[in-house]
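A.B. asks: The listed protein sequences derive, respectively, from chains A and B.
Each step along the first sequence adds one to the number in our numbering, with nothing skipped, and position 82 is 82.
Each step along the second sequence adds one to the number in our numbering, with nothing skipped, and position 16 is 1016.
Honestly, the hints are just simulated from the structure, not real lab data.
Honestly, I wouldn't trust all of these hints.
Here are some, though not all, of the chain B residues that point toward chain A, as calculated from beta-carbon distances under 10 Å [what the hints assert, rightly or not]:
| # | residue |
| --- | --- |
| 1 | Asn1014 |
| 2 | Pro1034 |
| 3 | Met1036 |
| 4 | Gly1040 |
| 5 | Leu1072 |
| 6 | Glu1073 |
| 7 | Asn1075 |
| 8 | Arg1106 |
| 9 | Ser1107 |
| 10 | Glu1129 |
| 11 | Thr1132 |
A short list of chain A residues far from chain B (calculated; beta carbon distances all over 12 Å) [claimed, not checked]:
| # | residue |
| --- | --- |
| 12 | Arg42 |
| 13 | Pro83 |
| 14 | Trp86 |
| 15 | Arg87 |
| 16 | Ala91 |
| 17 | Ile102 |
Positions of the beta carbon are idealized from the N, C-alpha and C atoms, including for glycine.
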Amino acid sequence: MELKTECSSGYLFIRMKGELDHHAAKMTLQGIESAIDRFLPRHCALEMSGLSFMDSSGIAVILRAKRRVGTGGGDLILLDPSPQVWRVLTASGVDRLVPVKIREGRIAK
Amino acid sequence: MKYENYIKLEFPSNSCNEAMARSAAGVFAAQMDPTMEELGDIKTAVSEAVTNCIVHAYPDCIGKILMRCRILEGNKLEIVIRDWGKGIEDIEQARAPLFSTGSQERSGMGFTIMESFMDKMTIRSRPGEGTTVVLSRTLPRRGRSR
């Protein structure tokens, strides 16, 4: 799993690339939490178009990231999940806990 | 039961084998002409089942995991994932959404996802002897010839 962070005017974008399973979850969460702690963003987005696979291990990562951003008064959104990731988000009900946005022209559901 | 094709794969419960197991199941299922969505569902369900073995069956040691994929009559894919680990005390409780005996890194959604992504899921388990999960999904025939 590769993470790239970009922060400007209170917005933190974390671009995820690779596969998020139990094997990758710990490192991924550490990377996300350290970016949140460093930038203390008002708004944080996990950009998921490069995430080619995610299972329920990813759900725990998302929920812990949401809690971490929330501690500093910020919010989390999920951007452009692939169809497979979208299926996992909806089957687990995470899409009702964390807003998911699919931008125009990006990966369709 | 009559089968058209099968693979059997045995591997240790190292977490790096999660990706290998789901990829192998996906490559095997590809001969059934699945859609991308069906293939994603199958790989996700396998990833959940294998992760359960690694996290719950063998929490403190490396143990053996066996995966068998078969194509049965009627274009039905059956995937059996077996371990010889701790076993499950209460299967009904384990199946419930959000239930987990794992650490904070677990969501407790593994069985829920397996169940919703496959047609059928059965679990057989005995404490101290291990667990067998059988997942099956019938795929529509899409005019392939064999």
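A.B. asks: Now tell me if each hint is right for this structure.
C.D. replies: Hint by hint, here is what the structure shows:
The closest approach between the C-beta of Asn1014 of chain B and any C-beta of chain A is roughly 9 Å, which is under the 10 Å cut-off, so the hint is satisfied. Annotation: interface hint on Pro1034 of chain B violated; nearest CB of chain A at approximately 13 Å, more than 10 Å. The criterion of a C-beta within 10 Å of any C-beta in chain A is met by Met1036 of chain B, whose closest approach is roughly 7 Å, and the hint holds. Because the closest C-beta pair between Gly1040 of chain B and chain A is about 4 Å apart, less than 10 Å, the hint holds.
At its closest, the beta carbon of Leu1072 of chain B sits 24 Å from a beta carbon of chain A; the interface hint therefore is violated under the 10 Å criterion. Using the Cβ-Cβ criterion of 10 Å, the hint placing Glu1073 of chain B at the interface with chain A is not satisfied: the shortest such distance is roughly 28 Å. Nearest Cβ of chain A to the Cβ of Asn1075 of chain B: about 21 Å, over the 10 Å cut. The hint is violated. Residue-level restraint check for Arg1106 of chain B holds (minimum Cβ-Cβ distance to chain A is 6 Å; threshold 10 Å).
Annotation: interface hint on Ser1107 of chain B holds; nearest CB of chain A at approximately 4 Å, less than 10 Å. With 10 Å as the threshold, the beta carbon of Glu1129 of chain B stays out of range of chain A, its nearest partner Cβ sitting at about 23 Å, so the hint is violated. Annotation: Thr1132 of chain B was flagged as interfacial toward chain A, and the flag is violated, the nearest CB pair being 20 Å apart, outside 10 Å. Distance check for Arg42 of chain A against chain B: the nearest CB is about 25 Å away, which clears 12 Å, and the non-interface claim stands.
Residue placement check: Pro83 of chain A does not keep its beta carbon more than 12 Å from all beta carbons of chain B (closest about 6 Å). The claim that Trp86 of chain A is not at the interface with chain B is violated, since a C-beta of that chain comes within 12 Å of its own (minimum 10 Å). With a minimum CB-CB distance of about 6 Å to chain B, Arg87 of chain A fails to clear the 12 Å threshold, and the non-interface call is violated. Under the 12 Å C-beta cut-off, the non-interface status given to Ala91 of chain A relative to chain B is violated; the minimum distance is some 5 Å.
At the 12 Å boundary, the C-beta of Ile102 of chain A stays outside the reach of chain B, the nearest C-beta of that chain being 16 Å off.
Of the hints listed earlier, those the structure fails to meet are numbers 2, 5, 6, 7, 10, 11, 13, 14, 15, 16, in rising order.
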